[in-house]
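Colleague: If you read the sequence shown in the working numbering, its first letter stands for residue 44, the second for the next number, and so on.
Because the hints were derived from the structure by calculation, they are not lab data. Glycine is no exception: its CB is placed at the ideal position from the N, C-alpha and C atoms. You can trust all of the hints, since none of them are fake.
Each pair of labels, with its calculated beta carbon distance range:
(1) G106 to C139: 32 to 38 Å
(2) L79 to P128: 46 to 52 Å
(3) P128 to V93: 36 to 42 Å
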Amino acid sequence: MDLLQNIDSAHLPYIAVGCALLCLVALVIGFLLQALSGIFDIVFGLIEIVIDLLQGGPVAWCGCVFLLIGLAAAAGAVLLYVNAPDACAAHPTNFCRWFGFLP
Numbered sequence: 044m045d046l047l048q049n050i051d052s053a054h055l056p057y058i059a060v061g062c063a064l065l066c067l068v069a070l071v072i073g074f075l076l077q078a079l080s081g082i083f084d085i086v087f088g089l090i091e092i093v094i095d096l097l098q099g100g101p102v103a104w105c106g107c108v109f110l111l112i113g114l115a116a117a118a119g120a121v122l123l124y125v126n127a128p129d130a131c132a133a134h135p136t137n138f139c140r141w142f143g144f145l146p
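Build out the structure end to end from the sequences listed, making use of the hints.
Modeller: Below, the structure is given as structure tokens:
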């Protein structure tokens, strides 16, 4: 109880503001740690998926590789089809006649 008698009453507002700031800082740190934990869970989850695929041997991820190759081929075909009219106007070839880009 001797400590409370030594506190100057002029310092009480500073103590109250300091306690409020300490609570605010604790809340901010708590929210930041939760956000960082979620981000780390996502990143390490993706890394774990890649490692599991690589450790599974050729049978476990062979289908995934063929799927990715098929998706890349489909994207390439769409890209060729979208760019074909402009390319055929500048450089007409038999490819352009086969697919109807030239009359």
